[in-house]
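**Student:** Chains A and B are the protein sequences, given in the same order. Under my numbering, read the first sequence as residues -3 to 284, first letter to last. Under my numbering, read the second sequence as residues 860 to 1132, first letter to last.
Rather than coming from a laboratory, the hints here were simulated on the basis of the structure. Everything numeric in this text was worked out from a predicted model, so none of it was measured. Note that the Cβ used here is the ideal one computed from N, Cα and C, for glycine as well. Be a bit skeptical, because a hint or two may be false.
To be verified - Chain A is faced by these chain B residues, among others (derived, beta-carbon under 7 Å):
| # | residue |
| --- | --- |
| 1 | F874 |
| 2 | A915 |
| 3 | R936 |
| 4 | I937 |
| 5 | F945 |
| 6 | G949 |
| 7 | P963 |
| 8 | L964 |
| 9 | I1031 |
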Amino acid sequence: MRFRGIVLGFLGVATVVAAWDLYKGLGPEQGVLLGDTRILPRTTDLAMPHSWEMVQRFGEPVTSLSGAPDAFNAVFDASMFSLGLAARGWLLGVVVGLLLALVMSRFRIVESALLPWVVLSQTVPLIAIAPLVRRWGSEIEIGSHLWTSEDSVAVIAAYLAFFPVAVGALRGLKSPEATHLDLMRSFGIGWWRTLLTLRIPASVPYLLPALRLGAASAVIGAVVAEVSIGLKGGLGRMVIDYAVAASGDPAKPWAPIFGAVAIGLVAAGAVGLLGLVLRPFRLTGVAP
Amino acid sequence: MNDPAIQARGVHRVFGKGRKQVIALSDVDLTVADGEFVSLIGPSGCGKSTLLRLVADLDASTSGEITVFGKTARQARIDQEYGIAFQQSGLLPWRTVAGNIELPLKLHGVNADERRRRVAELLELVGLSDFAKSHPDQLSGGMQQRVAIARALAESPRLLLMDEPFGALDEITRERMQNELVRICAETGAAVLFVTHSIPEAVFLSDRVVVMSPRPGRITGIVDVRADGMVPAHDRSAGARDEEGFFRAVGEVRSLLHGTPETAVTARGVDTR
Ligand SMILES: Nc1ncnc2c1ncn2[C@@H]1O[C@H](COP(=O)(O)OP(=O)(O)OP(=O)(O)O)[C@@H](O)[C@H]1O
Ligand SMILES: [Mg+2]
């Protein structure tokens, strides 16, 4: 089963690559137009570099300056930097999301009061909250730690990551059937032990996809926040910097995009490992 | 030991307010003696589950008093005086059969050795010793229900509350489970309050059958099966289903259910299904 999954995965990627290069090779120079609307892109070298050019580009120096590192090294470093921030944001988002879900599941009134805000929070554009986070952050002093732009980026990543976790965990914590809840009551145990014995294990099947979604959100949040905050060193700034070079070096802007895809996969994969550990709890749905 | 297992006096339970008000139970008096097997039977919505839930302190009565072994229902629940089983087995799918049965013991701080010993005993009792390590989704409906009964018995309660525990089973499995329940009750000597929709099931299992009617939910009559010449519930064998007293009791319960005056004797020998 596992082997088949891997093969299918590779086939999927290969199909995309083949479609790209075929269209690039055979498609019209000006792209496909429907009226005035271009429905398929131009196939010029500028707009669509060949896939192998993009791969090759990784082996070449970032700039023509002497001593410039390989594009691969540069992208790798930037990816690790962004991944680190995304991981910090994810952790923070998971903690906040779980706590919110806990109080919402405990107190009906808190759920009614809080849930609309949780949903609304996701409609605020990131660009708008970035300066706010930075300004408020600069007022915060924790011991001798000074608020840095990295902290701002992590907080913004957390802002995106907490949402699926809060919603998923809330659904999971409220998922036990009436029979199970009656049973816990008949055992004479209170809210806290019911939480540990029943609600948390029952929430695992809801929690795992939520955590994975949270990881993907944290990666996007980190990369976008790097741009909004203006933090150097990560993929966000690299996307902007490399885009400038597009006219003379069309394959170059694609390098950090692949970096972002890669850390997204790593993040989702790491959560997948968590799923393996929690496997016993994924069993649900006994026939009555 | 002289306290009855259950004593309900003047119990009312009203759901909702105003126009939507439902009188689920009206002026219910019922006593279940220690070690006695009592069934509740009646059409859907007559308040059987409501009464059982009140005894279990899963719900509170609007007025009236319920005591379990002389204690308030709440105290009895906290003291684990009863074990309970529902129509849905309510097993935790992520726990093994043994893990499910030992759950109440674990929650109440019984040590691991003692738990293992008790679980082995209970598995033996319900005939599932080979399935200790299986998960509930690997068992048939009847087996799951037996696990649920074992769990209800885990702390050797003197009272068992059962709400249509065999309701979802086929007729053959059902009769086998009934035979087993009689055996288990004989071994444990527990009192039982048993909710069912099946007249033969109620008569076969019980010392007394309590017939209820809806709107408002109340007790319309009680058939003492022993008075019809059957041995006490805990001493029955599968053959009791063919005895004359069985059919007489079935007829009495049926006429009470249909609201016709006592025509018990004419019911003798009729088909029980
Ligand atoms: N939580 C509740 N809220 C409102 N009404 C309820 C509630 N529980 C039960 N009722 C009402 O009380 C009445 C009795 O319900 P109950 O579940 O006790 O019936 P029952 O005899 O167990 O029926 P069945 O044989 O179908 O299980 C019904 O009219 C039902 O609608
Ligand atoms: Mg019911």
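**Student:** Next step is simple, just say for each hint if it's right about the structure.
**Tutor:** Verification of the supplied hints:
1. F874: violated (15 Å)
2. A915: holds (6 Å)
3. R936: Given a least distance of 6 Å, the restraint on R936 of chain B holds.
4. I937: Since the shortest Cβ distance to chain A is 5 Å, the answer is holds.
5. F945: Status holds, d = 5 Å.
6. G949: holds (4 Å)
7. P963: With a minimum Cβ separation of about 5 Å from chain A (threshold 7 Å), the hint on P963 of chain B holds.
8. L964: violated (10 Å)
9. I1031: With Cβ-Cβ at 18 Å, over 7 Å, it is violated.
Going down the numbered hints, you'll see the structure goes against 1, 8, 9, while the others check out.
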